[in-house]
Amino acid sequence: MSDPEFDRLGIWNWERPDIRDEIRYAQYAEEKGFDTVWQGESRLVRDAMTVMGAYSQVTDRIKFAPGVTNCYTRNVALMAQTFSTLHELSDGRAMLGIGAWWDPLASKVGIDRQNPLRYMWEYCTVLRRLLDLENVTYDGQFISVDDIELDLVRSDAGPRQVPIYIGATGLTMNKMSGELVGKGVIDGVYMNYLIPPSHNEQAMKALTKGVEKQGGHIDDVDRPQLIAVSMDEDRDVAIDNARGLVTQYIGQQPHIRENCGIDPEIGEQVEQELGGWPASAEDIERASRLVSDEVVTNIVAAGTPEDCVQKVSDYCDAGCTEPSLYSLGPNVEEVIDTFAAYKTAK
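For the sequence shown, the residue numbers in the UniProt record's numbering are 1 to 346.
It should be emphasised that the hints constitute simulated quantities derived from the structure, not laboratory data. Take the hints with a grain of salt, since some may be wrong.
[Claimed, not checked] Just the calculated beta-carbon pair ranges, DEER-fashion:
{"id": "1", "residue 1": "Leu105", "residue 2": "Asp263", "range": "26 to 32 Å"}
{"id": "2", "residue 1": "Glu134", "residue 2": "Arg289", "range": "52 to 58 Å"}
{"id": "3", "residue 1": "Tyr138", "residue 2": "Pro104", "range": "43 to 49 Å"}
{"id": "4", "residue 1": "Glu268", "residue 2": "Ile19", "range": "35 to 41 Å"}
{"id": "5", "residue 1": "Ile266", "residue 2": "Gln27", "range": "39 to 45 Å"}
{"id": "6", "residue 1": "Gln27", "residue 2": "Ile111", "range": "19 to 25 Å"}
{"id": "7", "residue 1": "Gly184", "residue 2": "Leu78", "range": "21 to 27 Å"}
{"id": "8", "residue 1": "Arg74", "residue 2": "Glu268", "range": "31 to 37 Å"}
{"id": "9", "residue 1": "Val45", "residue 2": "Gln272", "range": "24 to 30 Å"}
{"id": "10", "residue 1": "Glu294", "residue 2": "Gln57", "range": "16 to 22 Å"}
Note that the Cβ used here is the ideal one computed from N, Cα and C, for glycine as well.
Start from the sequences and build out the full structure, keeping to the hints where you can.
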């Protein structure tokens, strides 16, 4: 079997004990020829926009995006302002990854996620028009704006070419995202992690159906993907290091539980053992005893460096166009070095 090759590579930064490490990893990834750095913002952790502003000033080439922010807590006009500014700061390297968030966190901060598909459609439609520097009036079911546009009197007044990616897991969201690509509203999807490569194949069918409905082709849909990597020369250690995260998602995210390969009855037991969100360390440790090695390796690139590279290649064979690597351990630079050796020269 020939060695895997990767045309594009990215990293995913998330919740390191020292925020300066995230800055350093972005710089190191750029040095090693990586293309993107995505900043996690799915919980009430560090604000991705602030960190990306820092990236814009300490890197020269690498592109960056939230992976992903949500479409509720930032008004669509504010989101356009934010990414117009990041576009200027970075000489056009800013991208936007945006998702429909999740409960119970959304409801805990007062967000009613009724019909997230329609909300996302309207939000991205208005956002794209604002970034194109149009004057926008839009009266939708959820998004309504009247006679607004970015006020760029004192700055570069050219359209903001900010790529937009919807964080899509469910097949319906993937189909809708394909339609938005076909309509020229967004550029692609940011495929989720902790799902098996076989789920990518289903997503590809939904994306194809959506983009072709609008007269496009699946090649029009860019498909970077967040992929968890747990790497160690001792395969058993690597798998054990990933088990806690897998356990949390099986117990708290139904779409992960349904697609991870775990027996449905055992999956329900994991949910019961966790006892809701957020789970304590003790709850996770107890529930993780129910999660087998096979379940972990089905949805995580876990094992030796060779195991990890092959698993990530499997995701690419199933539809991912750019792996976005999330090192579950502190060996981020080792993960970057390992995959850089397999990156094709440009």
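TODO: Given the range 39 to 45 Å, decide if the beta-carbon distance of Ile266 to Gln27 lies inside it.
DONE: holds, 42 Å
Task: Glu294 paired with Gln57, Cβ distance criterion 16 to 22 Å - done: Given about 44 Å between the Cβ atoms, the range is violated.
TODO: Can you let me know if the beta-carbon spacing of Gln27 and Ile111 is within 19 to 25 Å?
DONE: Given about 35 Å between the Cβ atoms, the range is violated.
Open item on the list: Taking 26 to 32 Å as the stated bounds, is the beta-carbon spacing between Leu105 and Asp263 within them?
Closed with: holds, 28 Å
Open item on the list: Verify the CB-CB distance for Tyr138 and Pro104 against the hinted window 43 to 49 Å.
Closed with: violated, 30 Å
Open item on the list: Between the beta carbons of Glu134 and Arg289, is the distance compatible with 52 to 58 Å?
Closed with: holds, 55 Å
Task: Distance restraint evaluation - Arg74, Glu268, Cβ atoms, bounds 31 to 37 Å - done: holds, 36 Å
TODO: Using the beta carbons of Glu268 and Ile19, state whether their distance is inside 35 to 41 Å or not.
DONE: Since the Cβ atoms of Glu268 and Ile19 sit about 38 Å apart, the hinted range of 35 to 41 Å holds.
- [ ] Look at the Cβ atoms of Gly184 and Leu78 and judge whether their distance stays inside 21 to 27 Å.
- [x] Holds: the Cβ-Cβ distance is about 23 Å, inside 21 to 27 Å.
TODO: Go ahead and decide if the range 24 to 30 Å is satisfied by the Cβ distance of Val45 to Gln272.
DONE: Given range 24 to 30 Å: holds, Cβ gap about 27 Å.
Consistency note: the structure conflicts with the earlier hints numbered 3, 6, 10.
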